[in-house]
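Please model the complete structure; the sequences and the hints are all you need to start from.
Note that the protein sequences, when read in sequence, are chains A and B.
105 is the number that our numbering gives to position 105 of the first sequence; each next residue is one higher, with no gaps.
326 is the number that our numbering gives to position 326 of the second sequence; each next residue is one higher, with no gaps.
Mixed in with the good hints there might be a few duds.
Reference listing, derived: stretches of chain B covered by chain A, where coverage requires no fewer than 3 residues with Cβ under 8 Å from a Cβ of chain A [unchecked claim]:
(1) 107-120
(2) 128-136
(3) 201-210
(4) 334-348
These aren't lab readings, by the way, just hints derived from the structure by calculation.
All C-beta atoms in this analysis are idealised placements derived from N, C-alpha and C, irrespective of residue type, glycine included.
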Amino acid sequence: MADQPIIKDPEKEKRKIKSVSKMKEIMTTYYIEAKTARENGKKVAWITSGGPVEFLIAMDVIPVYPENHGAMVGASKMGVDLCEKAEEMGYSRDLCSYARVDISCSVTNGGPIGGLPKPDFLVCCNNICGTVLKWYEVAARYYDVPLFILDTPFIHTTFSESAKKYVITQTYEYIEFLEKQCGKKMDFNRMHQVSKLAVQSLRLWQEVLDTAAHKPAPMTAFDAFFHLALIVTLRGTQIAVDYYKQLRDEMNQRIKDGISMVPNEKYRLLWDNLPVWYRTKWLSDKFSSHNACLVGDTYTSAWSGIMDLIDEDNFIETGAVAYSSVYINVSLDIMLETLKKLIKKYDVDGLVMHSNRSCKPYSFGQYDLQKMVMKELKLPTLIIEADMVDARSFSESQIETRIDAFMETLKG
Amino acid sequence: MEALDKIKIISTDPYSYASNLKQAFGKPVVGNFCSYTPEELIYAAGGIPFRLFGTKNDISMADAHLQAYCCSLVRGGLEDALKGNLSFLDGTVFPHTCDSIQRLSDIWRLNAGFAFHIDVVLPVKLDTQSARIYMIDVLNAFKSDLESALNVSITNEKIRQSIKLYNRLRQILGEIYEMRCKDPDCLSAADLYHTIKASMIMDRDELLELLLSLLDDLKKNVKGSTSNTNKRVILSGGICNHPDIYTALEESGAEVIWDDLCTGTRYFEGEIEETGDPIEAIADRYITRIVCPAKHLTVTARGESLVRMVKDRNASGVIFMLLKFCDPHAFDYPYLKKFLDDAGVPNILLEVEEQLPSDAQLKTRFETFVDMID
Ligand code: SF4
Ligand code: SF4
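Have a look at this one:
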């Protein structure tokens with residue numbers, strides 16, 4: 001048969017986000033650089049997604065994110081196999097699947113990019129969970145490299161003065177640690193530039209997310225999950241700033257041109273917790289088929305949620321407090337306040353909560369949050385039991401039935 | 001042994017004990033879930049630190065707040081609170097432990113309805129000077145929170161007295177452990193379990209008397225050498241609230257002669273300096289004793305200490321008893337196992353949900369394990 005051009009559906013083509021290819025290009029370059037860092041005389045540090053990466057960038061260290069890697073594993077549907085390998089090594093199936101797949105990639109060089117580059121040192125900030133502490137201890141033993149822990153006390157009611165002092169002191173210890181690892185002094189002018197770029201990219205990222213407040217929304221939370229990668233990995237660089245400008249402009253243009261992501265957006269929903277990486281397409285199609293659009297989520301806005309606490313001229317001290325105040329490091333009542341703001345901002349008709357077996361600090365308390373949202377805001381809610389990477393915890397028929405039933409009540 | 005009988009009654013039905021105590025003396029009872037609870041300060045405030053283990057039966061109300069992938073301690077604790085089984089508690093203290101306890105604290109504060117609720121957000125790493133300073137600040141804040149919750153003033157003098165008492169209690173527990181380690185026949189493992197459990201819930205003055213008289217009784221029983229031929233094993237994990245395990249082990253030919261448990265040696269290890277600033281002294285005990293897996297000291301501290309424990313106690317095997325869904329312990333298990341394997345120490349893993357496996361199953365597993373030990 002002769003080559004025939006693939007006929008593309010013009011409707012679908014119109015809705016595609018053009019910046020996606022740029023984003024893929026940036027991420028590919030980033031991972032190539034990380035994997036060839038050693039040849040280029042650069043150091044590699046592994047860092048947690050909520051950790052202050054700005055300092056690494058200012059020191060010319062290439063940051064690598066095992067969590068972002070975990071998400072890639074999930075999205076490429078390689079999660080189950082790698083999880084099982086970790087279980088064979090003795091890591092219980094009940095542990096975070098990011099940690100399981102990452103540990104298993106370290107040992108087998110498996111996964112979509114053949115494992116992450118070996119770290120020269122590790123930076124673990126526990127503002128997202130206690131899991132990262134244990135996971136980084138595993139990595140520290142396996143690679144036999146130094147581990148810096150930035151301990152950010154959990155905020156149940158208030159963030160005490162002594163906690164503030166503690167995290168600020170640790171930030172200085174962090175700088176000392178980096179100076180020792182890199183064998184050079186921190187250039188504070190450079191650091192200042194990096195913090196400015198970081199805050200700028202956080203602002204732009206927030207502007208991108210805000211475009212979904214428009215009805216109909218030019219993008220969905222599923223798009224936000226994808227485009228989040230740079231805010232995690234390249235925050236503090238010009239690349240991230242340029243990219244998010246481009247993305248924001250594209251979104252605004254879509255609004256002008258009347259392009260929505262979901263063709264007949266009728267119902268607007270808010271998503272809570274991490275994505276189900278191996279099922280984003282299925283879930284997105286499922287909701288679209290009901291004319292429902294996930295316009296916002298608590299996860300991708302967690303990074304920009306704290307930017308107002310940062311004074312870029314005093315990043316070292318204000319940043320430490322901001323980092324301690326992220327969405328998942330605060331109590332349920334404080335989370336509820338954020339949730340309410342998002343519900344209002346995006347003017348949603350319902351809340352979909354992913355009860356994520358892997359992530360206990362994000363998921364425990366969801367039942368209480370659900371009750372509070374229903375009671376105080378009279379907002380319909382749906383809970384989906386699943387896992388972000390381990391597809392064995394995803395029951396398609398059950399989830400389909402639940403989504404259908406939920407959408408019926410919304411339409412009711 | 002009269003003392004032991006009393007201890008067993010209290011350990012088997014701690015809630016009745018606490019209710020009666022409260023009625024008789026009106027002392028405030030302060031619930032907690034963790035061996036990092038600064039009990040010395042609670043005692044100094046005139047209160048009784050009361051360790052919670054959570055019910056293992058008929059979970060119904062907690063399920064409305066917690067998903068199925070939550071450990072049985074958190075679930076059972078919440079169930080007890082919601083059912084009203086803990087009505088004798090005046091309040092609860094939550095030291096920062098793991099992600100699950102962290103959220104339990106929120107859920108508890110929003111639903112359980114006790115008169116006071118104090119979060120003690122301790123540092124997670126214990127190996128730096130700044131963490132020590134922060135820990136001292138947190139303990140001082142806890143002291144003030146307790147003072148307002150219980151409407152008392154906690155003087156340094158009272159803290160010092162409390163420290164003395166605690167040192168004494170911990171020292172006696174250590175002595176009992178040592179005696180049993182040399183001659184396991186002087187006290188059964190299950191009875192030792194009852195003793196340590198009662199130590200975490202009783203009025204501490206009354207406890208001192210009981211422990212002293214138990215110690216006297218034991219001194220009469222103990223022999224210079226032991227005729228016990230069971231294999232000597234160490235139990236490692238978080239909490240153990242299953243006395244049947246000890247019996248099943250004994251019947252399979254193994255004797256638990258030491259442990260690495262939060263409800264065991266981690267409860268009484270480490271002496272507090274009796275001079276100097278008492279709050280700093282309390283902080284220093286936490287910083288120097290062996291850590292639980294939810295805290296960071298060095299990346300190999302627990303492995304080294306477990307291997308050393310096996311040697312020091314002349315043990316020939318380790319049983320890991322882990323609660324299902326417990327992250328900190330599950331993360332440490334593969335490396336602890338490797339440390340033991342490398343040192344040639346046989347070990348097995350027993351994962352426990354609310355209930356233990358059946359007696360027969362347990363015994364089969366334990367017997368196979370005992371056969372592995374030569
Ligand atoms: S998914 Fe949850 S438990 Fe896992 S690393 Fe992220 S925050 Fe921690
Ligand atoms: S440390 Fe383990 S057993 Fe203890 S509360 Fe946390 S998860 Fe449960």
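Hint check:
no., hint, in the structure
1, 107-120, "holds (count 5)"
2, 128-136, "holds (count 5)"
3, 201-210, "violated (count 0)"
4, 334-348, "holds (count 3)"
Comparing the model with each numbered hint stated earlier shows that hint 3 is the single one that does not hold.
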